[in-house]
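Trainee: Once you have looked at the hints, place chain B on chain A.
Each chain, written out:
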Amino acid sequence: MKASEILVAYRTITVREIRRFTRIWGQTILPPAITMSLYFVIFGNLIGPRIGSMDGHDYMDFIVPGLIMMSVITNSYSNVVSSFFSQKFQHSIEELLVSPVPNWVILAGYVTGGVARGLAVGLIVTLLSLGFTDLQLHNPLIIVAVVLCTSVLFSLGGFINAVFARSFDDVSIVPTFVLTPLTYLGGVFYSISLLPDFWQGVSKANPILYMVNAFRYGFLGITDIDVGFAFAMILGFTGLLFAFALHLLNVGKGIRS
Amino acid sequence: MTAALKITDLKKVYANGPEALKGISMTVDSGDFFALLGPNGAGKSTTLGIVSSLVNKSAGRVEIYGHDLDTDLVSAKMCLGVVPQEFNFNMFEKVWDIVITQAGYYGIPPHVAKVNAEKYLKKLGLWEKRDTVSRTLSGGMKRRLMIARALIHEPKLLILDEPTAGVDIELRRSMWDFLKEINAQGTTIILTTHYLEEAEALCRNIAIIDKGTILAHTSKRELLQNLQTESFVIELSEAITELPDLDPFSCHLDDQGNLVVEVAKGRSLNAVFERLNAAGIKASSMRPTSNRLEELFINMVEGTLS
Numbered sequence: 001m002k003a004s005e006i007l008v009a010y011r012t013i014t015v016r017e018i019r020r021f022t023r024i025w026g027q028t029i030l031p032p033a034i035t036m037s038l039y040f041v042i043f044g045n046l047i048g049p050r051i052g053s054m055d056g057h058d059y060m061d062f063i064v065p066g067l068i069m070m071s072v073i074t075n076s077y078s079n080v081v082s083s084f085f086s087q088k089f090q091h092s093i094e095e096l097l098v099s100p101v102p103n104w105v106i107l108a109g110y111v112t113g114g115v116a117r118g119l120a121v122g123l124i125v126t127l128l129s130l131g132f133t134d135l136q137l138h139n140p141l142i143i144v145a146v147v148l149c150t151s152v153l154f155s156l157g158g159f160i161n162a163v164f165a166r167s168f169d170d171v172s173i174v175p176t177f178v179l180t181p182l183t184y185l186g187g188v189f190y191s192i193s194l195l196p197d198f199w200q201g202v203s204k205a206n207p208i209l210y211m212v213n214a215f216r217y218g219f220l221g222i223t224d225i226d227v228g229f230a231f232a233m234i235l236g237f238t239g240l241l242f243a244f245a246l247h248l249l250n251v252g253k254g255i256r257s
Numbered sequence: 001m002t003a004a005l006k007i008t009d010l011k012k013v014y015a016n017g018p019e020a021l022k023g024i025s026m027t028v029d030s031g032d033f034f035a036l037l038g039p040n041g042a043g044k045s046t047t048l049g050i051v052s053s054l055v056n057k058s059a060g061r062v063e064i065y066g067h068d069l070d071t072d073l074v075s076a077k078m079c080l081g082v083v084p085q086e087f088n089f090n091m092f093e094k095v096w097d098i099v100i101t102q103a104g105y106y107g108i109p110p111h112v113a114k115v116n117a118e119k120y121l122k123k124l125g126l127w128e129k130r131d132t133v134s135r136t137l138s139g140g141m142k143r144r145l146m147i148a149r150a151l152i153h154e155p156k157l158l159i160l161d162e163p164t165a166g167v168d169i170e171l172r173r174s175m176w177d178f179l180k181e182i183n184a185q186g187t188t189i190i191l192t193t194h195y196l197e198e199a200e201a202l203c204r205n206i207a208i209i210d211k212g213t214i215l216a217h218t219s220k221r222e223l224l225q226n227l228q229t230e231s232f233v234i235e236l237s238e239a240i241t242e243l244p245d246l247d248p249f250s251c252h253l254d255d256q257g258n259l260v261v262e263v264a265k266g267r268s269l270n271a272v273f274e275r276l277n278a279a280g281i282k283a284s285s286m287r288p289t290s291n292r293l294e295e296l297f298i299n300m301v302e303g304t305l306s
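If you read the protein sequences in the order shown, they are chains A and B. The first sequence begins at 1 in full-length UniProt numbering and counts up one residue at a time. The second sequence begins at 1 in full-length UniProt numbering and counts up one residue at a time.
Just so you know, the hints here were simulated from the structure itself, not pulled from any lab data. Ideal Cβ placement from N, Cα and C applies to all residues, glycine included. Hints should not be assumed to be uniformly reliable.
Unchecked claim - Simulated restraints, written as ranges between beta carbons of each label pair:
| id | chain 1 | residue 1 | chain 2 | residue 2 | range |
| --- | --- | --- | --- | --- | --- |
| 1 | B | ASN40 | A | PHE164 | 29 to 37 Å |
| 2 | A | PRO31 | B | LYS94 | 39 to 47 Å |
| 3 | A | SER257 | B | PHE92 | 58 to 66 Å |
| 4 | A | ILE34 | B | THR8 | 58 to 66 Å |
| 5 | B | ASN40 | A | LEU30 | 44 to 52 Å |
Looking at chain A on its own, in the form it has when it is part of the complex (with noise of 0.2 Å):
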């Protein structure tokens, strides 16, 4: 193909995938957008000014980092694992199978849109968030490569999710037992100074401490963990996970017999 007939393969993947989301919003925008808000209101305003300063910081101003970064992997990650998933389900990916579409445009597609919808999620909730308190920019090229690297990182977790996924079960493991609990645990709600040294080194572990960090050092200049190795360790995965999705896709696994 053309690089002109492979920019119009690549949009119209991008477009039907940003339609999909956009469509049923009801399911992919609005739940995040309720659940972040309740967020805000019982741990920031209700339990918030009981726990006092976070790292010098109000708890509230501290948790709104993670709750942003919270939702723009959890909403990368299920939109390009269900949307995979189903035209697998329903045979309708035989459409992109057959056509001369390269499979590094395929899978940039369905990235592409991941990150569409991780980032309108995200923008949502930082606008909510500044119903609850004055968001502070301490650097907002970080906020941007660190959010971007992040949707992009999850996004594939989620196209490699639904490549093996062979039922609806399979579709919601891997963000119930392990995205959820990784998250929670990543530093989203507490600093892990506050952890005794062997549940800091446990934590340290946790790729999404280093997501969570590295984004609330944009905002407010601190973190618990190296902003550079953060980087380093995002865009490795990224790498890593590109060259694992494009292999399936090489091989067909699970979309071919």
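Mentor: This is chain B only, laid out in the frame that chain A set:
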């Protein structure tokens, strides 16, 4: 002339499964209307699946208009349109979006895609349904939608897997007319069907496949010449209770009381009427049984063809 499809020694062994294709070879000429026939599980869908890149082959070579699937997959796919047996579009999308999206996958710019979409949706009687969500369409409309979608990039080779399954007679005839029309305009068509009447009416060349092996690959005319006997149904003016002696022709009565006579290839039909006259039996009409291809197909698959 470059063949539309050339398959060489194609093999497929499914993981922990049977050998679905045992090294088949066949060629479909450009512009042909070709039928791939065979009973369930014969290897038809596996063959078409490999050609359309939905099934990985175990060995062999496939070329579409000279483009090898292994070395020039993109060019090969550009030449190909596929209408599968099962509905495989997104049931939650509108008719218009489905065909426009498919055009995008082939890199067709939106302004060209819209023109093609309008052309094929109108030709297939779906224009009024363009804003309808696809799951609400009737079975026949869904099947026509898949044809419109497969033609959106105007492929040189169109593969249809059971295109008229579950479609009523009237619609089937109109689909036949449409397929004949696009074939006359130069599109090569390969179809599989369980309606052998369909293959006999539409196709010029035929391959019969069974248990992963090609049993016959020739023109319809040559294939039909292989028939050793033909059966004719003779409606009688007056019912008979006993079978007449029509030697050397064998005969029997069907459920409606019609006389069914087997005529060996090369024998004159006049002789049948001479025997009927001699037996005092008056015939009011005569027609061949069902269709000849069906008889031949059953003979071949059952291995009784001499």
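Trainee: Which of the numbered hints are not met once you compare them with the structure shown?
Mentor: Violated hints (numbers, rising): 2 and 3; every other hint is consistent with the structure.
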